[in-house]
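Visitor: Could you slot chain B onto chain A? The hints should help.
Residue strings, one per chain:
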Amino acid sequence: MAKAKMTTRKTASTTRNVRACTCTLLLVLAILSTVTTQITDAKTVAAPPILIGIDAAMTGPVGQSGVAIHRGLQIAIDEINDKGGVLGRKLAVTVRDNHGVPARGIDTIHELAQNKNIVAIVGGIHSPVALAELKTIHKNAIIYLSPWAAATPLVDNGYNPNYVFRISARDQFAGAFLIKQAIARGYKRPGLLLWRTGWGRSNQKAMMAAIEKVKLHAAGVRWFNTSQADMSRDLAALKMAGADVIMLVTSAYEGFIIVNNMADLPANKRLPIIAHWGMSGGRVSSKTLRAFDKIDYSFLQTYSFFKPTNPARAQKFMRAYCIKFKACGSPASVISPVGSAHAYDLAYLLKRAIEKAGTTDRSSVRDALEQLGRYDGLVRTYNPPFTKTRHDALDVTDFRLARYGKNGAIVPLTLSKTR
Amino acid sequence: MVLFLKTLRTSPTKLLPWMLVRILPVATILFIAMGYMSSRLAENSFRHHFEQTLDQELRLSVSALADKLDTFKASVHAVASNSLIVNSLVDVESRHAYLPMFFNHLQIAGSPEGDIVFTDYKGRILAANKPSLRAINITPFKSVFKGREFLQINAQGLTFAVPVFYNRNSEGMIVVRYNPVQTARLLSHGSPLHAALIYKGNAILYSSSPEFSKLFKSRANRANWIERHKLVPSYSNISMVIAAPKETVLAGLYRIEKFMYAVIALSLLALSCSIFLVVFLTSRQLKHFMKQVRSFGHASDLDRRVKPSGFSEIHALGKSFNAMLQRLQQAVVSQTDLEVEITMRQTIEERLRDREEHTRAIVENVLEGIITCDDKGIIESFNPAASKIFEYDPEQVIGRNVKILMSDPDRRRHDNYIKNHNKTSRSKIIGKDREVTGLRSNGERFPMELIISPMLVGNRRMFTSVVRDITERKRVDTMKNEFVSTVSHELRTPLTALVGSLGLIEHGALGTLPEKAGKLISIASGNAKRLTTLVNDILDIQKIEAGKMEFSFEVVEMVELAHLVLSENEPYAQKHDITFRLDCDLPQAIIKADKNRMIQVFNNLLSNAAKFSAAGEEVILRIKQKGSRFEFSVIDHGTGIPDDKKKAIFEKFTQLDGSNTRQTIGTGLGLGIASAIVEIHGCEIKLESQLGKGSTFYFDLPGILANTNIPSFTNSADDIRPALAR
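As given, the protein sequences belong to chains A and B, one line each in that order.
If you count the first sequence from 1, you need to add 12 to reach this note's numbering.
If you count the second sequence from 1, you need to add 28 to reach this note's numbering.
Next up, chain A with everything else stripped away, as it sits in the complex (with noise of 0.2 Å):
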């Protein structure tokens, strides 16, 4: 962990020398004696590292969901690196913060790439950041695994050769399957209340065409801004079009504000809400967790630590997780848990496609991991995990309900039988 931690520092000073004072270039030399003398020690080649980059919101709102999905990729880095790396060599995380913006986004994609030894950029929880950046990933021809941002375009963005894999959630089957839970429950007019962002409006496609199939109506659909301070005109909107559900797709910091908003509500006025899984990635605090007793109110899941996949990749996890960061006990320790999950997977598919191409390479190992065998990850089994014509590794029959029990901890539900 620490020699990680040391290359990822060598990493940064080698783009910003130019800046660098005397003073750091000191400094810089210093550290680099001891990472080589480290690196020497382990009797491994003299290489570099080959590093991931990770362009995500870490900090704010949504914060968390950065942390979890550098956590699970630095468990699975750790575990490589002990079993002797990947060609011989080191994998090391570099970190960047986009703060959820997609401006940081794409200009954090553009300085990354010019790293030689960055193989891969792991994204971040916000869709819009993520299709903002196709663009720059495309013409940098970088590999970007999304391990949580879930449009659809992002994958099916139109770029050939693709650039994109994902483990996580696909709004076109996402939406689809809210819909069909939503219906299951017995609800009639779903009522859309949806962030006026791209995530929002993949999520309006995949929804509407799921009600439509069924020759349903939807009651309406209402949009909120970022950072909207209010949204309890839009609740009431719905509820006066005849919604007899809220399928709410946000982000944490306007969901929190929605659900306050929905328990301060009169009992009677209340409406059931489905949502999309944006909220999980950043911290309840108490007060909302108070809201979230009040309302029924469940969201979309690809995996639980509570009811793993594969108990015995669940098991080891969780203990280099309790070492790693001091968060033991239960699986609700395990915080933002599918960011996490979805990245630990990512970085043995990532190391996997390296094998294969047999180079760091781009092009090549984005290549490779179009070719990859059967893998028995964490998430789930995947046979083959991607395809020339298929970057999103998940299906619908990952996806589960869950809700907010105790402390936050977040608890899969027993699903409703589907039509």
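Please keep in mind that the hints were generated in silico from the structure rather than gathered at the bench.
Incorrect hints may appear among the rest.
[As the list claims (entries may be wrong)] Pairs of lysine to aspartate or glutamate residues, derived as EDC-like cross-links and limited to a Cα-Cα distance of at most 16 Å, are as follows:
| hint | chain 1 | residue 1 | chain 2 | residue 2 |
| --- | --- | --- | --- | --- |
| 1 | B | Lys-150 | A | Glu-123 |
| 2 | B | Lys-721 | B | Glu-645 |
| 3 | A | Lys-147 | B | Glu-121 |
| 4 | A | Lys-418 | A | Asp-242 |
| 5 | B | Lys-547 | B | Glu-534 |
| 6 | B | Lys-416 | B | Glu-500 |
| 7 | B | Lys-150 | A | Asp-119 |
[What the hints assert, rightly or not] Simulated coverage check for chain B against chain A, where a stretch passes if three residues somewhere in it have a Cβ under 8 Å from a Cβ of chain A:
| hint | region |
| --- | --- |
| 8 | 116-130 |
| 9 | 145-151 |
For glycine and all other residues, C-beta sits at the position ideal for the given N, C-alpha and C.
Guide: Just chain B now, kept in the frame of chain A:
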């Protein structure tokens, strides 16, 4: 002028010109100075008042301007925090659908039209209200990307930029930019009463008065303008000035000044008239007074008085004149009285001098030395007798400490006595006759008697010492004591032999004597015994006086002792044919006493009583309890003692005269010895007697309980005395 005033002082001058010359020039100068000062004061006050008005207007204008700028800033902030704007930072792919629409011809509410630009976190333009705006230089705006607003106002116009926050991070920026004309429009505020101008350094940002603006710009002299400046709070780089031309402000004041000088001229005229009037009236009254005064000329006029009239001052002058007349009259009368008093005082002084000489003569001729000292013991006077005693001339000792006249240990004690006395005004020695040792000039020591008395002379505390040289008296006493002692001792030895031999013969040791011889022997034996008793008594007295008699105090049971005494004296009773009787109903009477001395006391008293009783009479020894004490009485029914002898019989060698036929052997010392012994026991023998009826000698001593263990005293009588006195 000075010369003129001098002439005024030396030669008599008329009052009216004098006053006019003295007062009018001064008054004129004073009035003009006051007028000038008042007009300056008024101008300052006018100016100050006007400045306050300007300040008031300036304060209001500045506050209005700050409000306007605050509102402008708040409006820009409102745009920056508009959720659509924030959303567009995230919603990259669709913002083109609403962002250009939002920005098309966007204006900040209540502010002039300007350039408005929306950028991302690196200053890349995302939208603008004019299509012509393509790029901006972001260097000045670095602070905005750290979350702070940016405001710049200068000659080029106004630029205001605020961050667009997303998740508390500054992820974008709204920039509003005005050219100078637009800036002036933004800064304009209502229609000011006076010329208002907003500037930064030398750059004029807004002006309401082209005239003042021109002056300000050309940096011309603006002394004819009154102006007040103030920084706009929170916009510290820009200031506002409000100004007004001086002449419009002070026009009213100049009119008042003209009027004031006219008033001064009139006042001077009125003053001259007043002086004239005062002088005229005063001189008229003075002339009247002088006429009265002139009529005085003879001693007989002293009885007359003038009639006070006119102003109070001239009235007072008349009264003073009358008072002077009265004092003159009195002075003539009292001259005689003074002469009489002088004679009287001379007589008194003469008498005092006589008395003093009288006193001095006494002091100088008296036999006792008289010395006076101050409170520190310094000798102030020394009479001839003192000179003789101490063998000092007065000049030798006056001014020296009295201690030179004393020898140790008196000299050492002396300081403490004086100190004590000064501190407490009480003393052991003051006023008491003491024997001390004196020191003569030749170093010889001698006994002297000394009495010190304090006295107050004026406020000074002083001491008078009266000294008597008792060397001679001491010598005589010693000689006498030695003589008695020697004589008694030398007598006792042969007497003992004599008494022994006579006793043997009398009792027939040499066979029966012839009757005549026996009678003679008996007389000789009796007289020898009497002589022995006398010698013993003299020795006792001598011992007592010398303080050498020894006492041994012990617990004594007196009833038993009384029986013993009576039985011992029985032969004596038989001899005198009287009866001794004990009158006592107490079982016992315990006291602390010297047993043998007590026996001696009773022997003396009983023998005395027997001696002075007629044959067949009874002598009673009575013991009575009186509270805690016991009283011992010896009662006889003899001749009694006359009142004039009652004191004397206790003295040495005193006996009642020979009217008593049975006056037998007796030394006249017995009662004295008994009295001295009882005294040493802390008590005294008292006497009650009536002529022809008998006498009672009695004394009482403190009793003690039978089992009380009283510590035994030592044998010396000197030591017992203070103990008993307690």
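Visitor: So, for every hint listed, does it hold in this structure?
Guide: Hint check:
Distance restraint check for Lys-150 of chain B and Glu-123 of chain A: the Cα-Cα separation of roughly 14 Å lies within the 16 Å cut-off, and the hinted pair is therefore satisfied. Between Lys-721 of chain B and Glu-645 of chain B the alpha-carbon distance is near 12 Å, which keeps this suggested pair within the 16 Å criterion. Restraint check for Lys-147 of chain A and Glu-121 of chain B: satisfied, since their Cα atoms lie roughly 11 Å apart, inside the 16 Å limit. For the proposed pair Lys-418 of chain A and Asp-242 of chain A, the alpha carbon gap of about 26 Å is over 16 Å, so the pair is violated.
Under the criterion of a C-alpha separation no larger than 16 Å, the hint pairing Lys-547 of chain B with Glu-534 of chain B is consistent with the structure, at around 9 Å. With a CA separation close to 15 Å, the supplied pair Lys-416 of chain B and Glu-500 of chain B stays within the 16 Å bound. Proposed proximity of Lys-150 of chain B and Asp-119 of chain A is supported: the alpha carbons are some 10 Å apart, at most 16 Å. Proximity of the region 116-130 of chain B to chain A, defined as three or more residues with a beta carbon under 8 Å from a beta carbon of that chain, is established by the 6 residues found.
Judged by the Cβ-Cβ criterion of 8 Å, the region 145-151 of chain B is covered by chain A as claimed, because 3 of its residues qualify and three suffice.
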